[in-house]
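**Q** These are the residues of each chain, in order.
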Amino acid sequence: MKLIVNGNTMEIARVQTVEDLIKELKLAGKGAIVELNEEILNKSQHAETVLANGDKVEIVHFVGGG
Amino acid sequence: MLKIGNHEFSSRLLLGTGKFPDFDVQKEAVNVSGTEILTFAVRRMNIFDPDQPNFLEKLDASKYTLLPNTAGAKTAEEAVRIAKLAKASGLCDMIKVEVIGDFKTLLPDPVETLRASEILLNEGFTVLPYASDDVLLAKKLEELGVHAIMPGASPIGSGLGIINPLNISLIVEQATIPVIVDAGIGSPADAALAMELGADGVLLNTAVSGAENPVKMAKAMKLAIEAGRLGYEAGRIPKKRYATASSPLEGMSV
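Respectively, the protein sequence lines represent chains D and C. FYI, the numbering for the first sequence is 1 to 66, going by the UniProt record's numbering. FYI, the numbering for the second sequence is 1 to 254, going by the UniProt record's numbering.
Don't take each hint at face value.
What the hints assert, rightly or not - To be clear about the criterion: a stretch of chain C counts as covered by chain D if any three or more of its residues have a C-beta under 8 Å from a C-beta of chain D, and this derived list gives those stretches:
#, stretch
1, 40–51
2, 75–89
Unchecked claim - Okay, derived cross-link-like pairs now, DSS-like style, lysine-lysine, Cα gap no bigger than 30 Å in a straight line:
#, chain 1, residue 1, chain 2, residue 2
3, C, K84, D, K56
4, D, K30, C, K58
5, C, K84, C, K140
6, D, K23, C, K104
7, C, K140, D, K23
8, C, K84, D, K2
Treat the hints as calculated values from the structure; they're not laboratory data. No residue lacks a Cβ here, since even glycine has one placed at the ideal position from N, Cα and C.
Build the full structure now, drawing on both the sequences and the hints.
**A** Below you can see the structure in the form of structure tokens.
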């Protein structure tokens, strides 16, 4: 499946849900916040949200700032 | 007690988490500052580096109230998106609205700040707008229903201190919500002055993280804010042009 993740076009196999993608990128448990096709997902939606070919995914987190 | 929306704090220092030399220094500085509110930003994760450091893991974020900012936003819509991303973490309901209108001075755009604040209030956020030290803008933000107003002392990271103490004191005088002086603080004296002017709190970052000894400066800021607050509550003497003797003028043994 082709996904655009944080602006990078990637070919990712074996991934069905947003949660799968976070695990595949080894970002589980690191406070990832996900926006799928410009719609922001709550944490509880990660497991149930299914990805489709061509989806645009933004993965953000908290960084130091003032 | 500092009360912002439904939150109550005994510390009046809000500390930013940017630009510390390393996470250990940051942790220690946060610790000695006594702060209960930490600010931070929302940015893309590096999806190619699973081992990137995460400051929340180092800090035990559950001990603090988190105040994400919308830094990086140039419009109200961008600020609203960042605020919603932060809230989707499930870790916070407060938002520091920061809409920068000019990237040389990093001064906030008053019109977009007002618009973003209105939208976020309607979305149920606890809204703390970072604004310029304009007295009427502060009034309009308060009329919208924001939970605190955060006028800048001087441009972000400049360390110039309070450029216009008159405006800060006028904002304090008219406000019925907390006034938190945000940005531009350089030294403990600046922070103490903000508090002596009647501010309810001070938000600073670079003054601590950029100090030669951030941990010592964190302690200094804590004490300065406490001293300034006590001085404000105590009520200072009026300034006079001529001397008034402290010792009795009568009964001299000559």
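**Q** State for each hint whether it applies.
**A** Hint-by-hint comparison with the structure:
Coverage of the stretch 40–51 of chain C by chain D holds in this model, with 8 residues showing a Cβ closer than 8 Å to a Cβ of that chain against a need of three. Judged by the Cβ-Cβ criterion of 8 Å, the stretch 75–89 of chain C is covered by chain D as claimed, because 6 of its residues qualify and three suffice. Of the supplied pair hints, the one linking K84 of chain C and K56 of chain D holds, its CA atoms being roughly 18 Å apart against a limit of 30 Å. As the CA atoms of K30 of chain D and K58 of chain C are separated by approximately 12 Å, the hinted pair is consistent with the 30 Å bound.
Annotation: proposed proximity of K84 of chain C to K140 of chain C holds, straight-line Cα distance about 23 Å (limit 30 Å). Restraint check for K23 of chain D and K104 of chain C: not satisfied, since their Cα atoms lie roughly 40 Å apart, outside the 30 Å limit. In summary, the hint linking K140 of chain C to K23 of chain D is not supported, as the alpha carbons are separated by about 46 Å, beyond the 30 Å threshold. Only pairs whose Cα atoms come within 30 Å are accepted, and K84 of chain C paired with K2 of chain D is accepted, the gap being roughly 26 Å.
Hints 6, 7 from the earlier list are contradicted by this structure; the remaining hints agree with it.
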